Structure formats: structure tokens, C-alpha cells
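Chemist: Residue numbers (our numbering), protein chains in the order written: chain V, 1 to 251; chain Z, 1 to 393.
Note that these hints are calculated values from the structure, not bench results.
All values derive from a computational prediction rather than experimental measurement.
Here a beta-carbon is modelled for each residue, glycine too, at the ideal position from N, C-alpha and C.
Misleading hints may appear alongside valid ones.
In silico negatives: residues of chain Z with every beta carbon more than 10 Å from chain V [unchecked claim]:
no. : residue
1   : 20
2   : 26
3   : 67
4   : 91
5   : 92
6   : 97
7   : 105
8   : 106
9   : 107
10  : 275
11  : 317
12  : 323
13  : 334
14  : 354
15  : 374
16  : 377
Residues on chain Z that point at chain V, a partial pick, calculated with CB under 8 Å [unchecked claim]:
no. : residue
17  : 46
18  : 93
19  : 109
20  : 111
21  : 258
22  : 279
23  : 282
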Amino acid sequence: MTSHRPIDYRGNDDSDLDSAREREKQRALALAASVGSLMVGMRRGGLSGLALGAFSGYLAYRASTGRGLKGTGRSLMQGAERTLTGHRAGPLELSAAVTIARPSEQLYDFWRDFTRLPAIMTSITAVEILADDRSRWHAETPLGGTYEWEAEIVEDVPGERIAWRSIEGSDVPQTGEIRFVPAPGGRGTQVELKLRYELPHGLLAAAPLGFVNALSREAVREDLRHFKQVMEAGEVPTAAIHTTPHEGVIR
Amino acid sequence: MKAVCWHGAQDMRVDNVADPQILNPRDAIIKVTSTAICGSDLHLYGGFMPGMQSGDIVGHEFMGEVVELGSAVTNLTVGNRVVVPFTIACGQCFFCDSGYHSLCDNSNPNAGVAEKMWGQSPSGLFGYTHILGGYAGGQAEYVRVPYADVGPMVVPESVSDEQALFLTDIFPTGYQAIAQCDMQPGDTVAIWGCGPVGQFAIASAKMLGAGRVIAIDTVNERLDMAARQHGAETLNPRDVGNTLQIVEALRDMTAGRGPDICVDAVGLEAHGVGLEYWYDNVKQSLQMETARPIVLRQAIMACRKAGTVSIPGVYGGIADKIPVGALMNKALTIKTGQTHVQHYLQPLMDHVERGDIDPSFVITHRMRLDEAPEAYDMFQARRDNCIKVVMQP
């Protein structure tokens, strides 16, 4: 039951080489179009230049996500839900993994006490334990909105695995699983986190909650990174500087 | 407090900013007594390093007095005089355990950005790009030091500030450049770049038993220092010519073998002569490459078969026209990386304490922190024979 299955990082519809090549082609086209419109926008200046600059940024984003020019017009006009996090409406599956130089039992013990998870999960503000297998999760979006759900544990194997699902009527119905697998060469534990969100009306419906930000693999990865930092180094590092506000984007 | 802040290319200012505070249990606050400008700070000053933001406090070579400690730091006490490694390392991950502190898994808060750029993230650094954390640096009156229980080392009373300061970076960096090369007795070591790191690489090569050291630089004062301090032979590319002529000169100097170890202590802003330099200069200006890898090419081309090319010089992104054919067909080994300062700190402090080496030999200028903008300008232009500036707040 706990035999190790590698996480499948491929998307649903690009599992062969041809589609990967097509994606690379689209990426190159979008990048070229992005550079072109940026240069024209910079030369033109003014409002239209600004608009072209913004369009350039959008194309660069599409290039970075590998979706290129295909369907640009359509998704700009109607399909915003396709572009918000790069997933279509419907179930959204996210997974990420990290290697932590600590024994699996220690990692399991930390995670199993859900009240400690707000320290490592950016969007979670509090977890209440309602019963041994029931908990209520409170989350906050970057925009200050709040949402919550109740979860029940469906499987719990100490030192190996915890699986859970939200109960009926949650804001964002979801299931999740965390697995603790010994890393090769005695280098600690591979921690694998899988989340699946049922979004009946797609990400567009979730967008007003500001929830989309948490629904990215980057966010899941960052939370796992915080888990590693706490377990190995005892704290989440920060370079926060309260003196100078650093609000610009990294360039 | 006063701090030296980056505001763009060629624009360092001494700003008034709020004092740092303890943010994590393993933090310490250090009152800086001496701080230096590093050659790699010039990459920031020149605007060549991506990921800088206006207002960033720079500086990664600093030492001082402990004035405040986080609750988890028990090995230091307030009042201790400490020297602080420029690499920020947790001391408890796989890489720190293996002595690779500059590859610490946990100290870079912006690891996700570094992963996008380099595949994996190295450790955080003080006062450098946000790709490596965006930590406030030590060219300031006070600085917050994370993981203070494993980084800072107490300086023995017999060792002065000027003797201890360079243990933060340039002495271990020059030392690692040689120590990582599996040098054999009698080996010939060629070192490109005789700035401070190059000088310590030359000194370390001699200390570790090199047969000959060939120092290469376009600035005669630096070659003079290499010859005077460490008995290095010297070669000035301005007298020799282009890459092919330099490679030929090194082959002649070694009776056809080529240097056993070639050290690139220059990095991304290399100078050269002729078409090659202009090619890289244009591509770098157009951001089609982030480095001018002229020295790296020369090191690969000149290196003895089955020799080692060691790269302590800093690179940030991508470089062009690397002679990969020479690299492969001559079976070369490449050794590189930011410095695992914590790993070398104790043995090198012992060398200083015993008097084997007095690292203060590189200092050419002593200034006040207020004079930092002038100091950067002078160091960049190599005016007044400037090799190393030490500043006091």
C-alpha cells in the first residue's frame, strides 16, 4: 500500500513529445511577439505604448507558461479562467515534493498536529481540532478575504501517510494526501503532497475569493519548503527589512 | 542608522535607515566595527547583477560586536567580537552537514526565484541580489545575522580587525579556489585576476605547496603586489595580446604542458583585447549574455590536459562561446561555487593566529562609511592603485 509511486508531473493533455514540441514552438512565438510589442510600445510611448507594454507582459506570461499564441484572442475575450493559473475549470490537481533530512516519524508527528501547520502554510491562519479525525481550517487570501472548511481524515498511517477530504458544503471542496517516503541513500525523507480541488464553477468562480493565488504548484512548493526549513533549521528564514519598503518586482 | 544603499548602476548612497531587529530565534544583531568593499560588490555597482532593488543595503564583508541575541543562540554572548561569513547557512541541512555551506538548502527566502534561474537554490548571501535572499548587508552601522549560532566566529584578542576581516570572504574564497583542486606538489597554478581574491588565491597556492604561481592581470600594481608579496611570476595581457597569444605564452612558460590548475578569479566583467572583447561587450550590453567570459575561455584553453579549472569569480546568468571542445577533449575538471566560508573559518583563523599569513597586506585604502560612494567610484576605476578599501562606520 505504501510502495512508492513517483508523482506524475505531466499535465493531462501534453504527455507526448509532439505536444511538448508544439508547446515550445508556441512559447517561442509568444516570446517573440512579446519582445516585438514591448519594443513598439516603448517607441510609441503614451497610452497606446503602455497598452502595448501590458500586452507584451501578457504574452511573456503566456510564453513562460508554455501556452504561446494559440487561442490568445479567445482566452483574452472569454476564457479568463483558462489563464488565471493555467488550468481549465473542473477538478484541479496540484502536487509537489521535497526532501527533508529528518526521519519520517518526526515529520509525520509534526504534520499530524494540524494546529502547527499555519506556521508553514502561507494561506492557513488557524486550524481547530474538532475531533481526532475532524478539523476546521481557516484561510486568508492575500486580498484579506477569509474562507474556511471542515476536513475529515480518511486514512492515517503513522510515519507514512495521511489522507483527508473536506466535508459536504465546504467553500472549496477538496481532498488531499501527504506521504512520507524514505529518501534514497539515507538522506532523510521524501515528502509528497497532493491536493485536489473540486471547483464546480471553475477557477473563475474561485477568483473573487482571491483563492487562485493559493491554487498554484508554486504555493504548494513554498509551503513544503517552509516545512523543510522548520524541520531542519528550526525556523523559516526571512530577509524582511522593515526599513525600506520593497514592493517592486525583482528585475 | 547609516547604511550604504544601492539605488541603481553607479549609484551607491549612504542613507539613514531604521536599525535592524531580531526576527528569528537564531538571529543576532552585530554592531559593525569594520567592513570592506568586495570585488563582487562592483558587479552590483556596475548594474550587472539581476535581482537588485533600489534601497538595498549592500556589503557582505563585515565584522563587529554582538549587541543582541535571539533566544536560540547560546554559544555567543553580548560583547563578543565576531567575524561573520558572507554565506548564510543553517548548519543543519544535507549540504551544511557535508561542508557545502554556500549551498545551504534553507537560508534563501527567495529559493523559488533561484530555482527558476539555476535549477536549484544556493544559500542566501548578505547584501547581494534578491535571487540570493535580498538580506540587508553589512556596510552599515548594524546588521542582522541569521543562524548566528553556526556562522559568526569569535576573534581571538591577538588578532586585529584588519587581520580578521577578510576571513568573511576573500581569504577563504582564494583558499577554496586552490584547496578544491587536488593540487599535487610542484604543480603550476595560473591565476587570472590579481584583485583581493586573486591575491589570496596566490598566497594560498604558495601555502599549499604549488611549484610555480603565474599571476595574470591587466593592472601592473596588482601584478607588482603578487610578485612582491608571494613571489609570483607575472603576465600582463596588455603586453601579450589576445586569447590565443595568452594561451601560447602560458604554453611556452610551462614547456608545452600548460598550467596544471587555472583559476578564474575575475568572473563576469572580464577585460580583454581586440575583437573578442568587443563581441562580448556588445552582447552583454544587449543583454544577450550576462557575462563576458573571456577569462573563462582562456583558462579552459590554457589548462593542462586532465588539469583543473577553478572558478571563484562570480557569474550570474549565461555566457557565450565557451570552448566546450577543449573542455571535453582535454578531459578537464571544473571546480567552482560560492565559498563554504563556515567550513574554512577555523583552519584559516588558526593560520592567521599563528602568523603564517597577515591578510591585511591587501588593504590599500582606509575610509569612513560616509565616504562609500567615493570609495566605490575609486575602486571601480582602479584609481589611486586601489585594491582593497576597508571602511569604519
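Chemist: Which hints from the list above does the structure break, by number from lowest to highest?
Modeler: Numbers 1, 2, 4, 5, 6, 7, 8, 9, 17, 21, 22, 23 - these are the hints that the structure violates, sorted from lowest upward.
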